[in-house]
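Protein sequences appear in the order of chains A and B.
If you read the first sequence in our numbering, its first letter stands for residue 88, the second for the next number, and so on.
If you read the second sequence in our numbering, its first letter stands for residue 626, the second for the next number, and so on.
Since the hints were made in silico from the structure, they are not lab data.
Ideal Cβ placement from N, Cα and C applies to all residues, glycine included.
Among the hints, a few may not be true.
Derived pair list, reagent style EDC-like, types lysine to aspartate or glutamate, alpha-carbon separation capped at 16 Å [said to hold, decoys possible]:
| no. | chain 1 | residue 1 | chain 2 | residue 2 |
| --- | --- | --- | --- | --- |
| 1 | B | Lys996 | A | Asp338 |
| 2 | B | Lys706 | B | Glu733 |
| 3 | A | Lys210 | A | Asp338 |
| 4 | B | Lys706 | B | Asp842 |
| 5 | A | Lys121 | A | Glu111 |
| 6 | A | Lys210 | B | Glu975 |
For the chain A half of the interface with chain B, some residues (derived, Cβ under 8 Å), not all of them [claimed, not checked]:
| no. | residue |
| --- | --- |
| 7 | Val194 |
| 8 | Leu199 |
| 9 | Arg201 |
| 10 | Lys210 |
| 11 | Ile213 |
| 12 | His216 |
| 13 | Gln222 |
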Amino acid sequence: MSRHDATVIPTAPSEIDDLCEVVEVSHITKSGRKRSPVAVVREIPLTIFLNDQEIVTLLCTGAHVESLAVGFLNSEGLLQDRSSLRGVEVDQSRHIVRVSSSEDAWVAERLLGRRIITSGCGKGTIFYHVLDSLQSRPVEHHVALRVDQVRHLMGELNHRSELYRRSRGVHNCALALPTEIVLFRADIGRHNAVDMIIGECFLEGLATQDKILLTTGRITSEILIKCAKAGIPALISRSAATSLALQLARDLKMTVIGYVRGGNMVVYAGGEHIEP
Amino acid sequence: MIYLDNAATSFPKPERVIAAISRYCREIGANPGRASHRLAREASAVVARTRRLLAHLLGGVDPSRIIFTPSTTVALNLALKGILHTGDHMLTSSMEHNSVLRPLHHLERLGITHTRIPCSPEGLLDPADIRRHLRPETRLIALVHASNVTGGLMPVAEVGALARELGLLFLVDGAQTMGALPVEPERLSIDLLAGPGHKGLLGPMGTGFLYVRPGLDLDTLWEGGTGSRSESTTQPESWPDRFESGTLNAPGLAGLAEGIAEVQERGLDAIAAHKTRLMERLYQEFHPLPGVIVYGPARRHDCVGTLSFNVTGVTSNEVAHILDTAYGIAVRPGLHCAPAAHQTIGSFPEGTVRVSVGPYTTDDEIEALIKAVEQILRFRR
Chain A
88 MSRHDATVIP
98 TAPSEIDDLC
108 EVVEVSHITK
118 SGRKRSPVAV
128 VREIPLTIFL
138 NDQEIVTLLC
148 TGAHVESLAV
158 GFLNSEGLLQ
168 DRSSLRGVEV
178 DQSRHIVRVS
188 SSEDAWVAER
198 LLGRRIITSG
208 CGKGTIFYHV
218 LDSLQSRPVE
228 HHVALRVDQV
238 RHLMGELNHR
248 SELYRRSRGV
258 HNCALALPTE
268 IVLFRADIGR
278 HNAVDMIIGE
288 CFLEGLATQD
298 KILLTTGRIT
308 SEILIKCAKA
318 GIPALISRSA
328 ATSLALQLAR
338 DLKMTVIGYV
348 RGGNMVVYAG
358 GEHIEP
Chain B
626 MIYLDNAATS
636 FPKPERVIAA
646 ISRYCREIGA
656 NPGRASHRLA
666 REASAVVART
676 RRLLAHLLGG
686 VDPSRIIFTP
696 STTVALNLAL
706 KGILHTGDHM
716 LTSSMEHNSV
726 LRPLHHLERL
736 GITHTRIPCS
746 PEGLLDPADI
756 RRHLRPETRL
766 IALVHASNVT
776 GGLMPVAEVG
786 ALARELGLLF
796 LVDGAQTMGA
806 LPVEPERLSI
816 DLLAGPGHKG
826 LLGPMGTGFL
836 YVRPGLDLDT
846 LWEGGTGSRS
856 ESTTQPESWP
866 DRFESGTLNA
876 PGLAGLAEGI
886 AEVQERGLDA
896 IAAHKTRLME
906 RLYQEFHPLP
916 GVIVYGPARR
926 HDCVGTLSFN
936 VTGVTSNEVA
946 HILDTAYGIA
956 VRPGLHCAPA
966 AHQTIGSFPE
976 GTVRVSVGPY
986 TTDDEIEALI
996 KAVEQILRFR
1006 R
């Protein structure tokens, strides 16, 4: 399949207007109340089909829906083999993405979203979805980072989002080398932004093991597991990490840095890979 | 649903078992041995028939030496606590179920000690090791007949003969062998045999027994009404009443009689051959698979219809969850109430996925399990 077979909604600065709507609001400040226009980010329901089977409806901005759909399916274990991908069709008017693949996703479809209920006898797992456990392995490569690189990358992440500056309604996310951002995405959902990146890597065959995921959202277990399954060994966030994410990070030997603000940061896991 | 958890309890139960329980509840209903009216007499006759059938299955032992219990665990507790006294020492193996190990742990507080003889990584006991652990105060050897984790059979005949030679009592946990192969206490020099009614014997849960060799006495662990010698406030001396205080699970025993009859009609040898063939097939398929570890003896003829395995990188709980959720296959993961056995075979604390077949398990069901595990292996990253 060629990328050109699919319709992609771009997010170049010139297209930002498409992702926002201007509404009249009341602004209340210390000096009083006044009516004024404000830009709000677009939210649409996007339904993803895999081989004519409805899989999920995501709420998103509607940008990069092709990579979002592919990234979601890859992240959930429903689409693993790039060579099996037959096509991605986007129906913009109905907000539907149809992905077709020759891959046998029988097992994954049956396990999708199913929580592991263990017997309490024998060693359990800290994963709550069995698909995550089956598809996550401890990372084998680590990215060495300097503190100044972390500060620089987070600065770049914040700087890049015209959509955020306009609407204040999206999370920014990027795939980066220690020295530079290589792929940037923004969406109303932090999960969606990560899935777009994962989808892009899957479609374009981008290497992930030497890269870092940057996000403005919290590092929760879901975000960390998405990275683990995609083979991204390190996460850096402007926000905090959660307890389960850190338990998983330790098991999966991943690096987690959070709360990168004002030159400070919190190294939650993988501190041995961070140089002063 | 494909049921491969027969080591926990057999399923499905034969229709005749269900019918017998139903008939008891609908048409008899009375308390056995508690009155002389027709229904109570019928109830007593049901229990007596079950006892006779079981005695016959055990090689023609004295039926009065069979004590009905709610489970093998209760029978093992009765045997251990009824026989051993402060200062005694006993031997057991590292493949025992918690139904032996936990009572032994409790008995330590009463000054009764034990030695757990290590088994091989395959889970097998070398009878020669018994002599090395003997003490002057050793009174009893307790041994599981077949591991509930690996299915591996223990050398019960050799250990029985050795126990006789050494003047020791011999207690066998027949949880996995009753109804799976011929178990004749007199031929195997077994003094005490504990077993379930609800596994290989195809009866309902809540049924079990302890056979005690004639001439061997044991203390009661509970006392109460037996329906006999009611004029006395002391426990009767007669067997099995002495050990069966309280109302028996008569509907369950009615079902157990039919389960035993079913086993005898099918034939123990035929049932054993069927299970061995299925397990041999599973072993042959699983053993060479990269990513699958199979535990226990390689010679499946030395096993009952139970096999443990793991998929590397995936916990047994997860494999069982996938088999259940995606394939409709019921197996038991974890430690199977036998932590020492898992330590012995090298699967502690993770545990294993245990597959256990019954007389009604089909080749197609085993084939479905093999295909499912192959698919899981392919899907795993």
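Hint by hint, here is what the structure shows:
| no. | hint | in the structure |
| --- | --- | --- |
| 1 | Lys996/B / Asp338/A | 30 Å, violated |
| 2 | Lys706/B / Glu733/B | 11 Å, holds |
| 3 | Lys210/A / Asp338/A | 14 Å, holds |
| 4 | Lys706/B / Asp842/B | 12 Å, holds |
| 5 | Lys121/A / Glu111/A | 10 Å, holds |
| 6 | Lys210/A / Glu975/B | 4 Å, holds |
| 7 | Val194 | 5 Å, holds |
| 8 | Leu199 | 10 Å, violated |
| 9 | Arg201 | 5 Å, holds |
| 10 | Lys210 | 5 Å, holds |
| 11 | Ile213 | 10 Å, violated |
| 12 | His216 | 10 Å, violated |
| 13 | Gln222 | 4 Å, holds |
Hints 1, 8, 11, 12 from the list above are not met by this structure, while the remaining hints are.
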